[in-house]
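As they're listed, the protein sequences go chains A and B. Sequential numbering of the first sequence, starting at 1, is according to my numbering. Sequential numbering of the second sequence, starting at 1, is according to my numbering.
No wet-lab data here; the hints were simulated from the structure. Treat the hints with caution; some may be incorrect.
Same chains, same names: a pair is fine if it fits in one copy or spans any two.
No more than 25 Å apart at the CA atoms, straight line, and that leaves these computed lysine to any residue pairs for SDA-like [claimed, not checked]: (1) Lys333 / Ser374; (2) Lys388 / Ala321; (3) Lys63 / Ser374; (4) Lys388 / Ser418.
None of the values given here were measured: they were computed from a predicted structure.
Number of protein chains: 2
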Amino acid sequence: MPERLVVVGGDAAGMSAASQARRRRKPDELEIIVLERGNYVSYSACGEPYYVSGDVEDFEDLKVRTPEQFWKVSIDARLHHEATGIDTDKGKVTFRSPAGEETIGYDHLLYATGSESLRPPIEGVGLEGVYELRTLDDAKTLRTVATGGARKAVVVGGGYIGLEVAEAFHTLGLETTIVTMMPTVLERTFDPDMGARVGDRLREMGIELITEHKVECLEGRHGKVVGAGCFDQSIQADIVVLALGSRPATRLAADAGIPLGASGGVTVDDHQRTPIDRVWSAGDCADALHRISGLPINVHLGTVANKAGRVAGINLGGGDATFPGILGTAITKVHDFEIARTGLTEFEAESAGFEYVAAEVGSSTAAHYWPGSSPMRVKMVAERGTTKLLGAQIIGGPGAGKRIDTVASALWSGMTASDLAMVDLAYSPPFSGVWDPVNIAARKVAAAATAVSG
Amino acid sequence: MPERLVVVGGDAAGMSAASQARRRRKPDELEIIVLERGNYVSYSACGEPYYVSGDVEDFEDLKVRTPEQFWKVSIDARLHHEATGIDTDKGKVTFRSPAGEETIGYDHLLYATGSESLRPPIEGVGLEGVYELRTLDDAKTLRTVATGGARKAVVVGGGYIGLEVAEAFHTLGLETTIVTMMPTVLERTFDPDMGARVGDRLREMGIELITEHKVECLEGRHGKVVGAGCFDQSIQADIVVLALGSRPATRLAADAGIPLGASGGVTVDDHQRTPIDRVWSAGDCADALHRISGLPINVHLGTVANKAGRVAGINLGGGDATFPGILGTAITKVHDFEIARTGLTEFEAESAGFEYVAAEVGSSTAAHYWPGSSPMRVKMVAERGTTKLLGAQIIGGPGAGKRIDTVASALWSGMTASDLAMVDLAYSPPFSGVWDPVNIAARKVAAAATAVSG
Chain A
1 MPERLVVVGG DAAGMSAASQ ARRRRKPDEL EIIVLERGNY VSYSACGEPY
51 YVSGDVEDFE DLKVRTPEQF WKVSIDARLH HEATGIDTDK GKVTFRSPAG
101 EETIGYDHLL YATGSESLRP PIEGVGLEGV YELRTLDDAK TLRTVATGGA
151 RKAVVVGGGY IGLEVAEAFH TLGLETTIVT MMPTVLERTF DPDMGARVGD
201 RLREMGIELI TEHKVECLEG RHGKVVGAGC FDQSIQADIV VLALGSRPAT
251 RLAADAGIPL GASGGVTVDD HQRTPIDRVW SAGDCADALH RISGLPINVH
301 LGTVANKAGR VAGINLGGGD ATFPGILGTA ITKVHDFEIA RTGLTEFEAE
351 SAGFEYVAAE VGSSTAAHYW PGSSPMRVKM VAERGTTKLL GAQIIGGPGA
401 GKRIDTVASA LWSGMTASDL AMVDLAYSPP FSGVWDPVNI AARKVAAAAT
451 AVSG
Chain B
1 MPERLVVVGG DAAGMSAASQ ARRRRKPDEL EIIVLERGNY VSYSACGEPY
51 YVSGDVEDFE DLKVRTPEQF WKVSIDARLH HEATGIDTDK GKVTFRSPAG
101 EETIGYDHLL YATGSESLRP PIEGVGLEGV YELRTLDDAK TLRTVATGGA
151 RKAVVVGGGY IGLEVAEAFH TLGLETTIVT MMPTVLERTF DPDMGARVGD
201 RLREMGIELI TEHKVECLEG RHGKVVGAGC FDQSIQADIV VLALGSRPAT
251 RLAADAGIPL GASGGVTVDD HQRTPIDRVW SAGDCADALH RISGLPINVH
301 LGTVANKAGR VAGINLGGGD ATFPGILGTA ITKVHDFEIA RTGLTEFEAE
351 SAGFEYVAAE VGSSTAAHYW PGSSPMRVKM VAERGTTKLL GAQIIGGPGA
401 GKRIDTVASA LWSGMTASDL AMVDLAYSPP FSGVWDPVNI AARKVAAAAT
451 AVSG
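Looking at chain A on its own, in the form it has when it is part of the complex:
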């Protein structure tokens, strides 16, 4: 009799784990069942805004793998199967499917339910024309509506998804407004000064941005949304997208007594094991160790889900892999304006108890005289005294964003800003000044970190 691995949730983390486990243990050693409540397994959530915009034309491109592809390697991937209960004492999972409710046993359980949208109590969310962008089906709907005669779109929320959806609508020619209750966009992941610069850029592009404005209700007429906010505050809209962030989908875990950490995700060790015997977790629903703060953190990023899923899968397959932690590196763009971050912001450095300094450098993506050169800005945070790098934020034109990886690589090994200032980075006029902006920002923050304060 083979052992049985049940994976709850069939997206990035779950399917990476299933694939890795299968590569190491054949079907006669390990049966793998994946319970996915939705219509797809293993899809590119990050690609969805680009399907809405039409940049990605083929819906099929967003499906990384189909159930059939998993079946071929004897991974029993089941759509429309929603886990409804876990009994960790008896090693059983109960799920609901089109065929009814059923309970099966497991030898190993991987909890990979991902995250779910935050839905604050806003009046009128049930109106026609109010959406979110989460599943592939949401993407399909938004594409249809946005290209079907809609003229005015309101995006509530200024995080990554909010910006990306706004970009998509703007690309399609809709009058687009982002509304956020915060003073700037990207308020959770960037410092306010950098967020404000992104906000300025959005406005220059013609995307309206309303800050410090809480949308408490949506206005409807004949059941259809016509405005965000109500009464005299209303902003006209044919489409409203709620992009208010997400939280780890941990209800099922909590009900089963699987411990959650302070940051809200399922507690895991560096092998992706929860404290409960035979129960593992990975992806948006689980915590991950932040390498710089040294604290567990819950982030919802495809990169982390894939890596953590891979580690879980290797271990479930009998290997020995360690998850090395994360930096919270992320990148997005609005048209040709790139936005990236890694490590800790000033706020996060403060929260983690660091004595820190920050410095910013305005520079260009290429030699200043190169015709394709555009402005870019690097902000760097470092520990006072030691100059140990803590984090960076980069915004700017084409070629700016992926420079964040240079900093990520430096952060990974605990490099100081003084060191990064002299790292031998690549130069040629179409690509950089002779001192890359990353070198310059590092030099500047190192100087600030070692300056004797008056």
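Take the given structure of chain A and dock chain B to it, following the hints.
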């Protein structure tokens, strides 16, 4: 009486040093005289091919700083002043200028003469239409000739400059041929397999490439070049550019008894001091420590010259800076095809005595379904057993090249490929797959490095 610093050579290293020294020591403490034999100080040699091509329209853009700018901060930058002798015992430099020959004393000497073109004995190099691309004046001449009715260009040599000049001619619509005696292009800095791929790409673009062909003579008619090679081997040409590489300009140093290292450059310590009292050196003419091989190496790169010059200048100004060494990171492009490298190639790893493995990954610059995605290839070299990173080479479409910095940053801190495989790099479909090609290549080379050899 102030001390006197004499800088021999007024380009990147010399002027960086002069500027840094001046920032730390005022004119009443330190007099700074720069002897530059050419027509310019502090110019962008790396920008020259892009002036030839017309990408950079304004010749003035290639001048980083003018003598006048240096004079303003009391740096006595003198053009057309060629040092002709150094007496390190007496602390004197002799130079020739339009005013005649003169000898002055120094308290500190910075030897920053840069590099000079290799000019193998080729018959006919004196013909009209035969050029090299070294100085700003060369760039001006090439631009004039290439836009003045020339139709066929031959570039002899397949290094960075050879490729960049060929690109410029090709941009201008000339029939362009690169001739190299080596089996591929970039033979000194890339492994042959990667060089061959670059060669294939050049040919696809319509740049002809003739390999393993030694140009021993240039054919002329009425004093003007008409072909490269002679007799039956001749390739028609209105313009021939010799781009056969460069060597450190060390004659003056050698004559003065300033020691040279095995790699040909002036020997310096980590403060840019030569073994001779009060004599310093930096830039193309000096050696630099390669951080991976641990050996001194002589490279001709603007990045290294600027960094080493800065270090020399800080120390000459009374500060204490250490040059941390180099990786030989470099980048170039041919049209939209990017080419970059860092650390050691297979050949260099072998020469440095490493037991190494290499692995290559074909991937894409963005998510495979992103409309602007293009192919890219990452080759990585790592130490067998430990998986310690030794080097990388990257080629591909827009966005590929600067990823080399991610590897440079990792190499800098001695990271293993196993570690780099899991570094938290930035992902979003317009920028990368969910596993960046750098992660994937690192994973592959780590697997190769730890595989039990049969």
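Do the hints match the structure? See the list:
no.: 1; hint: Lys333 / Ser374; result: both (15 Å within a copy, 18 Å between copies)
no.: 2; hint: Lys388 / Ala321; result: between (28 Å within a copy, 18 Å between copies)
no.: 3; hint: Lys63 / Ser374; result: between (34 Å within a copy, 20 Å between copies)
no.: 4; hint: Lys388 / Ser418; result: both (8 Å within a copy, 23 Å between copies)
Violated hints for the displayed structure: none, as all numbered hints are satisfied.
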